[in-house]
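**Q** Here the structure of chain A is known, so what remains is to put chain B in place on it, guided by the hints.
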Amino acid sequence: MNTEQLADGTRHRWGSRAAVLIGILLTLYPILFVLLTSLKSTQEFFVNIWGLPHSIAWDNFPKAWIDAHIKDYFLVSTIVVVSSVFFYRCARGDGRLRAGPAPHPVR
Amino acid sequence: MMNSSPDARIRGRSAVSWTGIAFLLPALAFISFSIFIPTVWNLLLSFQQWDGFKDRKWIGLRNYTESLKDPDVLHSLYHSIFLAVMITLLSVIVGLALAAFVFRLGRKEGSFYRLVLFMPVMLPVAIIGLLFTFMYNPEMGLVNQFLRLIGAGALADAWLENPDTVLWAIVVVGVWRMSGLTMMLIFAAMQNIPQSLFESARLEGAGYARQFFSIVLPLVKPILQLSVVFTLVMSFKTYDLVFVMTEGGPANLSKTIPLQMIDSAFTFNEFGYSAAMGFLLTLAVMLIISLTSRLLRGESYEY
Numbered sequence: 001m002n003t004e005q006l007a008d009g010t011r012h013r014w015g016s017r018a019a020v021l022i023g024i025l026l027t028l029y030p031i032l033f034v035l036l037t038s039l040k041s042t043q044e045f046f047v048n049i050w051g052l053p054h055s056i057a058w059d060n061f062p063k064a065w066i067d068a069h070i071k072d073y074f075l076v077s078t079i080v081v082v083s084s085v086f087f088y089r090c091a092r093g094d095g096r097l098r099a100g101p102a103p104h105p106v107r
Numbered sequence: 001m002m003n004s005s006p007d008a009r010i011r012g013r014s015a016v017s018w019t020g021i022a023f024l025l026p027a028l029a030f031i032s033f034s035i036f037i038p039t040v041w042n043l044l045l046s047f048q049q050w051d052g053f054k055d056r057k058w059i060g061l062r063n064y065t066e067s068l069k070d071p072d073v074l075h076s077l078y079h080s081i082f083l084a085v086m087i088t089l090l091s092v093i094v095g096l097a098l099a100a101f102v103f104r105l106g107r108k109e110g111s112f113y114r115l116v117l118f119m120p121v122m123l124p125v126a127i128i129g130l131l132f133t134f135m136y137n138p139e140m141g142l143v144n145q146f147l148r149l150i151g152a153g154a155l156a157d158a159w160l161e162n163p164d165t166v167l168w169a170i171v172v173v174g175v176w177r178m179s180g181l182t183m184m185l186i187f188a189a190m191q192n193i194p195q196s197l198f199e200s201a202r203l204e205g206a207g208y209a210r211q212f213f214s215i216v217l218p219l220v221k222p223i224l225q226l227s228v229v230f231t232l233v234m235s236f237k238t239y240d241l242v243f244v245m246t247e248g249g250p251a252n253l254s255k256t257i258p259l260q261m262i263d264s265a266f267t268f269n270e271f272g273y274s275a276a277m278g279f280l281l282t283l284a285v286m287l288i289i290s291l292t293s294r295l296l297r298g299e300s301y302e303y
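From first to last, the protein sequence lines stand for chains A and B. Taking the UniProt record's numbering, the leading residue of the first sequence gets 1, the next gets one more, and so forth. Taking the UniProt record's numbering, the leading residue of the second sequence gets 1, the next gets one more, and so forth.
Since the hints were made in silico from the structure, they are not lab data. Worth double-checking, as some hints may not be accurate.
[As the list claims (entries may be wrong)] A few chain A positions that, by computed beta-carbon distances, are all more than 10 Å from chain B: (1) 26; (2) 27; (3) 31; (4) 42; (5) 66; (6) 72.
[Stated by the list, open to error] Coverage of chain A stretches by chain B, computed from C-beta distances (three or more under 8 Å per stretch; other residues unrestricted): (7) 16-22; (8) 79-90.
Glycine included, C-beta positions come from ideal geometry on N, C-alpha and C.
Just chain A, same shape as in the assembly:
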């Protein structure tokens, strides 16, 4: 699709761009906040909640992964997702599969 043709003659689409950028800001900032907070130590979180982290506390990640048992929960989630997708695929196969050799691979 040649999207350049969508513009009605005028090339500057600043109105649309501004609207989308506001949406982007509102969407991205909270996610960025999670990321920045994940790099702060507990003390720093209470002192400096909205700023950039002064010293980056990388050890939050291994702490969450091991001490907070995220790795176990992650395994549970993985089992649930993999098995439900697998069974869904099995069920869906029947819609396309007929008796006899499959005429084309079941997607």
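**A** Chain B in isolation, oriented as in the chain A frame:
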């Protein structure tokens, strides 16, 4: 459909496909285990009185008549419906607007925006709820700090503790979460509109706004309907978001039906009552969904 050779098609028509049934069995087992059996069990339970341990009594429709008289249940039903309808309405409008703007900006630039705008859909609800409780915090929350920064400190509020604002605060979070999905669905539908329609519209001198309302909007109506129904179903079940953010408070002012059900089942041990509430919510959801799909019924065009 040209997915089979004539030979295979003839055999497949007449004979029962045992292989196919075998493939369906595991899914059937899981679905009946996780959906059919609980639903029937819930229906039976809603006609009984059961404390979760000992003997059960059949009490007919008493659970239903009682819950329709209970102001707590009616309030939480109202909150559920309010949240679902408002979240759906606003997130479809916001998603439609975003899709229109992103569509205008072209493919290369738009693909980045689409990725970012879709991100909230991928975040777990528990994290979103926690995040927004920080944002709404009366003292250090971002919302109030921003209001003070622009000199509107008088508007600062304890958003989640104030009975007047708590539902709207949750609506905002729901819209933040759902509008990316609506945007994606509607954008995908927009991309299927043939270019020639826009070309002829431009030859007639129509601006983008006119093109949007006269061409895009009628043509994406079936997808619009789909996303309304989808968002409604998703947000009717709002439980985790409210639970993480307010736990139904202040008092009962943001309690939804699922929260009320948990309370009456596991705090007051009235399992049958809770099951009846669940069925009432299901009925309300079915009613509202059939109403909206009737209202939004769009003709599909072929192009």
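**Q** Next step is simple, just say for each hint if it's right about the structure.
**A** Right, here's what the structure says about each hint:
| no. | hint | in the structure |
| --- | --- | --- |
| 1 | 26 | 7 Å, violated |
| 2 | 27 | 6 Å, violated |
| 3 | 31 | 6 Å, violated |
| 4 | 42 | 14 Å, holds |
| 5 | 66 | 19 Å, holds |
| 6 | 72 | 16 Å, holds |
| 7 | 16-22 | holds (count 4) |
| 8 | 79-90 | holds (count 4) |
Violated hints, in rising order: 1, 2 and 3; the structure is consistent with all others.
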